[in-house]
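Q: Sequence:
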Amino acid sequence: MKKIYQLYRFLLRKHGRPKDFWRKWCKRKKTKEDKEEIALGAILTQRTNWKRVELVFENLKRAKILSIKKIYQAGKKDLKLLEKLIRPSGFYRQKAKRIYRFCQFIVENYRNLEKFFSQDLKTCREELLDIPGIGPETADSILLFAGGKPIFVIDEYTRCFVKREKISNQFSYNYLQDLFQKNLPRDAKIYQDFHALIILEGQSIKL
DNA sequence: GTCCAGGGCCGTT
DNA sequence: AACGGCCATGGA
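The opening position of the first sequence corresponds to residue 0 in numbering that gives the first Met the number 0, with each subsequent residue numbered one higher.
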C-alpha cells in the first residue's frame, strides 16, 4: 500500500513545499538557539495552540531566560517564576515542572542539546520518554523538529487525516507511526514536510 | 457564558 | 487495551 506516499505527493503539489514549518509557526529564524526553542515549544504546546506558546516565549525573552541552561538555573532557584512566565500556555504548574525537568535532564547529563542528539535515535527517544510529562508525541516532535531525527510524529491532525483518507481504522500511536514510516522513505525532511502538510490540509478544511 | 486549542498521567473497568 | 477525569489559560 503506497497510498500514503501518494497522499504525500498530492499534498506537496497542492500546498507546495512547506519552507520551514517551525519558522513559519514560530515566526523566528532557524538558529542554534532556535532548536532549543523548538524543543521547549514541543512541551509548551501540549493541548494548546501556538499563539499561547508565542506569548510564553515573549515572557521568557523579556525575562532573559530563553535557553535550556537559563531555564534550568531559574527553575532550580525558583519554580514559581517559571510558572508565572509559562502561564499563558495553560496547565502552567504542570508545564513549568515539565520544562524544568527537561532542561535539568539535558544540562546535568549532556550540558547541551547538541550532545544529547549526538546519540542514536533509539537511545534519545527512550531517554526522553523517561522524563515525566514527555510522552510519545512530545518526544517525537523534539526528535524530528529539533534533532532532525527520522521519526514520524502522530498527533490529532494526523489521526483526523488518517480517518478522512481512510488510511486505517486503527489509531493507536505506535501502529500509525509504524504505518507511515513503512510507507515513506526514511528521511527526516520528508517526515517534517508531511507533518506540516497534514496540518495545513487540516486547517484548510476546517475553514 | 461557552467552547476550544497539535498531551500526558493516573485510576477504573 | 480503552476510557474518563484532571490539569488552566485567553481568545473567538
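Because the hints were derived from the structure by calculation, they are not lab data. Backbone N, C-alpha and C fix where the C-beta goes; we use that ideal spot for every residue, glycine too. Take the hints with a grain of salt, since some may be wrong.
Here are the simulated distance ranges between beta carbons [claimed, not checked]: (1) Asn173 / His14: 21 to 29 Å; (2) Leu78 / Asn111: 17 to 25 Å; (3) Gln169 / Gln72: 18 to 26 Å; (4) Asp129 / Lys2: 31 to 39 Å; (5) Asn111 / Lys162: 23 to 31 Å; (6) Arg185 / Leu78: 34 to 42 Å; (7) Lys76 / Arg8: 29 to 37 Å; (8) Glu125 / Gly147: 12 to 20 Å; (9) Arg51 / Asn168: 28 to 36 Å; (10) Glu57 / Glu164: 18 to 26 Å; (11) Leu80 / His14: 16 to 24 Å; (12) Tyr4 / Lys79: 48 to 56 Å; (13) Ser167 / Gln202: 43 to 51 Å.
Cut-off 16 Å, straight-line C-alpha distance, at most; resulting in silico cross-link-like pairs (EDC-like, lysine to aspartate or glutamate) [to be verified]: (14) Lys121 / Glu107; (15) Lys121 / Asp77; (16) Lys2 / Asp177; (17) Lys148 / Glu125; (18) Lys2 / Glu107; (19) Lys13 / Glu136; (20) Lys148 / Glu164; (21) Lys68 / Asp119; (22) Lys148 / Glu107; (23) Lys83 / Glu113; (24) Lys69 / Glu82; (25) Lys69 / Asp119; (26) Lys18 / Glu136; (27) Lys69 / Glu57; (28) Lys121 / Asp177; (29) Lys68 / Glu113; (30) Lys75 / Glu107; (31) Lys13 / Glu200; (32) Lys148 / Glu113; (33) Lys2 / Asp33; (34) Lys83 / Asp119; (35) Lys63 / Asp77.
Q: Verify the CB-CB distance for Leu78 and Asn111 against the hinted window 17 to 25 Å.
A: holds, 22 Å
Q: I want to verify a distance hint. Is the separation of the beta carbons of Lys76 and Arg8 within 29 to 37 Å?
A: Violated - the Cβ-Cβ distance for Lys76 and Arg8, about 51 Å, lies outside 29 to 37 Å.
Q: Decide if the proposed pair is consistent with the structure: Lys148 and Glu125, CA atoms, cutoff 16 Å inclusive.
A: Judged against 16 Å, a Cα distance of about 14 Å means the pair holds.
Q: Check the hint pairing Lys121 with Asp177 against an upper bound of 16 Å on the C-alpha distance.
A: holds, 14 Å
Q: Given the hint of 31 to 39 Å, is the C-beta distance from Asp129 to Lys2 inside that range or not?
A: With Cβ atoms ~35 Å apart, the hint holds.
Q: May I ask you to test the hint 12 to 20 Å on the CB atoms belonging to Glu125 and Gly147?
A: holds, 18 Å
Q: Could you say whether the range 21 to 29 Å given as a hint is met by the Cβ separation of Asn173 and His14?
A: Given range 21 to 29 Å: holds, Cβ gap about 28 Å.
Q: Could one say that the CB atoms of Ser167 and Gln202 fall in the range 43 to 51 Å?
A: violated, 22 Å
Q: Check whether the Cα positions of Lys69 and Asp119 lie no farther apart than 16 Å.
A: Not OK: Lys69 and Asp119 at ~26 Å, beyond 16 Å, violated.
Q: Starting from Lys148, check that the Cα of Glu107 is at most 16 Å away, please.
A: violated, 22 Å
Q: Just to be careful, I want the Cα atoms of Lys63 and Asp77 compared with a cutoff of 16 Å; is the pair within it?
A: holds, 15 Å
Q: Could you tell me whether the CB distance from Glu57 to Glu164 stays inside 18 to 26 Å?
A: violated, 37 Å
Comparing the model with each earlier hint shows violations of hints 3, 5, 7, 10, 11, 13, 14, 15, 18, 19, 20, 21, 22, 23, 25, 26, 33, 34; every other hint is respected.
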